[in-house]
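Colleague: Read off the chains here:
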Amino acid sequence: MIIGQIKEGIVIDHITAGRGMEIYKILHLDEKECVVAMIKNADSKKMEKKDIIKIGEIIDLNLDVLGYIDPGITVNIIKDGKLFKRERLKLPERVFDVIKCKNPRCITSTERELRQEFRLTDPEKRTYCCAYCDAFAK
Amino acid sequence: MNGLNDIMDLSIGEIDELLNTADDIMVHPEKYASLCKGKKLATLFFEPSTRTRLSFEAAMYELGGNVLGFSEAQSSSASKGESVSDTAKTVSCYADIIAMRHPKEGAPKVADMRASVPVINAGDGGHNHPTQTLADLCTIRREKGRLNGLTIGLCGDLMFGRTVHSLIGAMSRYENISFVLISPDELRIPEYVKAAYLAKSGIPYTEVRSLEDNIQNLDILYMTRVQRERFFNEADYIRLKDTYILTPEKLSKAKSDLCVMHPLPRVNEISVSVDDDPRACYFKQVLNGKFMRMALIMKLLGVKA
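As given, the protein sequences belong to chains V and Z, one line each in that order.
Sequence positions in the first sequence follow my numbering and run 1 to 138.
Sequence positions in the second sequence follow my numbering and run 1001 to 1305.
In short, the hints are calculated from the structure, not lab data.
Keep in mind that a hint or two might mislead.
Non-contacting residues of chain V with respect to chain Z, defined by C-beta distances greater than 10 Å in every case (computed) [stated by the list, open to error]:
no.: 1; residue: Q5
no.: 2; residue: D43
no.: 3; residue: L114
Capping the alpha-carbon separation at 30 Å, the derived lysine-lysine pairs in BS3-like fashion look like this [said to hold, decoys possible]:
no.: 4; chain 1: V; residue 1: K25; chain 2: V; residue 2: K85
no.: 5; chain 1: Z; residue 1: K1255; chain 2: Z; residue 2: K1144
no.: 6; chain 1: V; residue 1: K138; chain 2: V; residue 2: K82
no.: 7; chain 1: V; residue 1: K102; chain 2: Z; residue 2: K1194
no.: 8; chain 1: V; residue 1: K102; chain 2: Z; residue 2: K1200
no.: 9; chain 1: Z; residue 1: K1200; chain 2: V; residue 2: K90
no.: 10; chain 1: V; residue 1: K102; chain 2: Z; residue 2: K1304
no.: 11; chain 1: Z; residue 1: K1039; chain 2: Z; residue 2: K1200
no.: 12; chain 1: V; residue 1: K125; chain 2: Z; residue 2: K1039
no.: 13; chain 1: V; residue 1: K100; chain 2: Z; residue 2: K1255
no.: 14; chain 1: Z; residue 1: K1194; chain 2: V; residue 2: K90
no.: 15; chain 1: Z; residue 1: K1194; chain 2: V; residue 2: K125
no.: 16; chain 1: Z; residue 1: K1080; chain 2: V; residue 2: K102
no.: 17; chain 1: V; residue 1: K138; chain 2: Z; residue 2: K1200
no.: 18; chain 1: V; residue 1: K102; chain 2: Z; residue 2: K1241
no.: 19; chain 1: Z; residue 1: K1039; chain 2: V; residue 2: K100
no.: 20; chain 1: V; residue 1: K100; chain 2: Z; residue 2: K1200
no.: 21; chain 1: Z; residue 1: K1144; chain 2: V; residue 2: K100
no.: 22; chain 1: V; residue 1: K138; chain 2: Z; residue 2: K1304
Beta carbons are placed, not taken as given, at the ideal position from N, Cα and C, and that holds for glycine.
The task is simple: from the sequences and hints, build the whole structure.
Modeller: Given below as structure tokens:
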């Protein structure tokens, strides 16, 4: 299968195989007018299998969200057909409005327009806690 | 953040400073009697309280300041659906400092983010109660002469007991501390507390069910109430409420210099006949709490003797 190179846009590479669709949805790529290609289970020397998303336009990406979902992702910005910038993601220290606190006693369950905020407490176990009530993300 | 949400917001140095100030207030109360003249403390208590609210109010009066506020959610605009943020912004216009108790965990933190004056967490759900911890630290230091090298037993409701969570966090920063966590299986310490304080710092701890079998090893015994208001199911509360009752007979197996503490109010978990034992320190905690709150109010308002 051949998918052409893009001249201007973003290549989200090294997505854990099977998670591409989740990222496609979170980035709302279905709402974009530009060319978007989702490649599943591509061969990878490093990962054996990986997913790749190619976007034919440079759009704002929330790298913290991507880093939380799949910290192994690489984001390549392409300009004039060449690699302009490469971002290797890592687990973000804080994420906003990605995880919802499940603790019914937490203030986020009642306070209007209060952003859901979680902080990284254990990078090895990828554990996040609610910034308000300290409950673990589930 | 201008106020105090979590005891861990304070460094050990800052806690020492507050403890030293409280010690000095006890000896020289006259030096502090008008330090906060013209200042107002708002006590916003969305949940019932006797000790904490009155302790804050007494603390402010003894500093020469004034107090305003409410003692139940029904007498505030929260009953009309006002948000914590709006309440905090509104009260900032009337008071120089706020003490807030709220059933929702994290509510005082939200208030402190929105208010233009410092907000002190006076207890938020089953989460934190940093000023009780200041009272506890003051009591431990005064009774034992140190805050390190102690085996601390925490007994009762360790799941919803916010004072327990804050005390574990605070004590885990001192040297040679170990914990004996005594509770029924249903009320064991939350995983986040273990992960954040015990596992992270490699603090030795055991989780046990029997008070009788472990009391002889303790330097501090911190009893807690099983809190009816934290249960969604009344039957569970009834089943667990009298799991531990400290009696003179059980206390006879303990060290002669054990320090028995309780954040109060107690229900049945400490027999009244224990009150006359010299090891009973829970009413001293109440008094120490007032002095620590005075020291904290001074610190947050930036006033010095």
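Colleague: Next, verify each hint and record whether it holds.
Modeller: Going through the hints against the structure:
{"no.": "1", "hint": "Q5", "in the structure": "holds (46 Å)"}
{"no.": "2", "hint": "D43", "in the structure": "holds (39 Å)"}
{"no.": "3", "hint": "L114", "in the structure": "violated (6 Å)"}
{"no.": "4", "hint": "V:K25 x V:K85", "in the structure": "holds (24 Å)"}
{"no.": "5", "hint": "Z:K1255 x Z:K1144", "in the structure": "holds (13 Å)"}
{"no.": "6", "hint": "V:K138 x V:K82", "in the structure": "violated (40 Å)"}
{"no.": "7", "hint": "V:K102 x Z:K1194", "in the structure": "holds (19 Å)"}
{"no.": "8", "hint": "V:K102 x Z:K1200", "in the structure": "holds (24 Å)"}
{"no.": "9", "hint": "Z:K1200 x V:K90", "in the structure": "holds (22 Å)"}
{"no.": "10", "hint": "V:K102 x Z:K1304", "in the structure": "violated (43 Å)"}
{"no.": "11", "hint": "Z:K1039 x Z:K1200", "in the structure": "violated (41 Å)"}
{"no.": "12", "hint": "V:K125 x Z:K1039", "in the structure": "violated (47 Å)"}
{"no.": "13", "hint": "V:K100 x Z:K1255", "in the structure": "violated (47 Å)"}
{"no.": "14", "hint": "Z:K1194 x V:K90", "in the structure": "holds (26 Å)"}
{"no.": "15", "hint": "Z:K1194 x V:K125", "in the structure": "holds (14 Å)"}
{"no.": "16", "hint": "Z:K1080 x V:K102", "in the structure": "holds (25 Å)"}
{"no.": "17", "hint": "V:K138 x Z:K1200", "in the structure": "holds (20 Å)"}
{"no.": "18", "hint": "V:K102 x Z:K1241", "in the structure": "holds (26 Å)"}
{"no.": "19", "hint": "Z:K1039 x V:K100", "in the structure": "violated (40 Å)"}
{"no.": "20", "hint": "V:K100 x Z:K1200", "in the structure": "holds (25 Å)"}
{"no.": "21", "hint": "Z:K1144 x V:K100", "in the structure": "violated (44 Å)"}
{"no.": "22", "hint": "V:K138 x Z:K1304", "in the structure": "violated (46 Å)"}
Comparing the model with each numbered hint stated earlier shows that hints 3, 6, 10, 11, 12, 13, 19, 21, 22 do not hold.
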